[in-house]
Amino acid sequence: MSERTENVVCTFCGCLCDDLVVEHEEGRIVKVLKACANGQGHFREYDPSPRLPRLEGRDVSWDEAYSAAGEILRSSRSPLIYGLSSAVTEAQRRAVELADRLGAVVDSTSSVCHGPTGLAMQGVGEPTCTLGEVRNRADLLLFWGCNPLVSHPRHFARYSTAKGRLTPEGRKSRTLIVVDVRPTAATKAADIFVQVEQGRDYEVLTALRALVQGKAMERPSVGGVAREALVDLAERFKNCRYGVAFMGMGLTMTRGRDLNVAELFSLVSDLNDYTRFSVIPMRGHGNVSGADQVTTWQCGFPFAVSFARGYPQYGPGEFTAVDFIARGDADAAVILASDPGAHFPRKAAERLREIPTIVIDPAESLSASQATLWLPTGVAGIDTAGSSYRMDGVALRLRPFLKAQRPSDEEVLVRLIEEVIR
Amino acid sequence: MALTLTLVTGRTLAQAAAMHKGKTTDHYAAVTRQAEINGEDLAELGLAEGDEATVRTKEGEVRVTLKVSDLPRGMLFLPMGPCANVLIGVDTEGTGMPPFKGLSVEVTP
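Line by line, the protein sequences give chains A and B.
Counting along the first sequence from 1, when you hit position 262 you're at 262 in the working numbering, and nothing is skipped either side.
Counting along the second sequence from 1, when you hit position 70 you're at 492 in the working numbering, and nothing is skipped either side.
Calculated directly from the structure, the hints in this document are not laboratory data.
Values in this document were obtained by computation on a predicted structure and should not be read as measured data.
One should not assume that every hint holds.
[Stated by the list, open to error] In silico BS3-like pairs for lysine-lysine, Cα to Cα no more than 30 Å straight-line:
id, chain 1, residue 1, chain 2, residue 2
1, A, 238, B, 489
2, B, 489, A, 347
3, A, 163, A, 34
Using the sequences and the hints, build the whole thing.
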């Protein structure tokens, strides 16, 4: 006899869709309703069966695993704690505590997704709003360098095209503008697609800022975008009732990185002289937003923090994981709920394989398969509890609907801390 | 024939689905080496859809399978993952972010 749990939160991406229905039977998920393709995979491919840790290729008891982890960490002079972004807030706090105890560097996947966005926020501020405001108020939506139909597939349906209090016609109540370097599913769903030459976002944003401020533009085009199209965009931005810009990796991973983002945030700030306009970064991992929040309230900085001197020091480019690993500065690593083995440039991924690594992850990721020690944990919102921050900074509680057969990330980190201070 | 193209990496639905099935599977490896290219660039290389090509930077080289899409000319798209990461360097220009988009690559049959 299957059971049915409603209002389940999906933690795959930063949308944290909280309206899923999951049917489960004898401790296994059998059906997931309302989830996107990414969410289906998140729930359906997870095997909640108990699993022993794996140390150097062989299964070991949890006690043996914790003991081995303690030895690795106690003998490290320059450890790195990396990832955090698919773990719940409570586990992230423990990860920062572990870094503090060890004198380690702690960095989250933010550094390879929206780290430049964090740098931009620190420079020019972040005029932002919640997704509830988007749904209920926004009549102009600008997506810059992101493809929500692939990375956040329900974002359109739940917010951008949904019927809201002041947007009773749903999709018809809004103008959708997508700026990208290539046609995507999102650009095809837009009212207006603006195709920018790769690497020219900064120039286009600067031109838009100038036009919004009433300055004349003499050049026929900027960054592959015709003057007439830019003038049209600037007027639409100024004359909408409530505009919201969403931005993604198209800005943060492209030449200019944080400067691109700062220019977009500044454009949004400028637009508030004329109308209401906000910006929301499209956060990828389910709680990457929480990683920034936790690291900021614990250390004062959102990512790239070193405790090597006994107090938190901020160092993007120095304590960010790719730099720290590739330079050969890390001599051991704890990888929490992320997969640098799959997603870091080869040189950094290879360097990671040369040092002892402890991977805390429900799945056998590439990092887990290459790790000295893999600690298989449960998944928050399926068989363990916790809280996560949505991309707009709203925290949601994750309630388990299956009985836990594995430890949570937090429980594992508490044991690692005990081993370190022993 | 060699072409210099601009590499853009990113998420695809197929890459995400394969990731859930397991990053140690052959399917994940195949999906993440499926490159997209403009049809005219493909013709200039003297190749057809489904053919393989070598993509090279100073960091390394990989063999990819080519698929035509509506990319602008001069661009090559690869799903994020271990294949693309062979090509990406570790110079983050002081930000922590490697150059995942906008890298110049040489493509040969």
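Self-check item: Agreement of residue 489/B and residue 347/A with the hint, judged by alpha carbon distance not exceeding 30 Å
Solution: At roughly 27 Å apart (the allowed maximum being 30 Å), residue 347/A and residue 489/B satisfy the hint.
Quiz prompt | Straight-line alpha-carbon gap residue 238/A to residue 489/B, limit 30 Å | solution = violated (41 Å)
Exercise. Please work out if residue 163/A and residue 34/A have their alpha carbons no farther apart than 30 Å.
Key: holds (17 Å)
In the structure shown, a violation is registered for the earlier hint numbered 1 alone.
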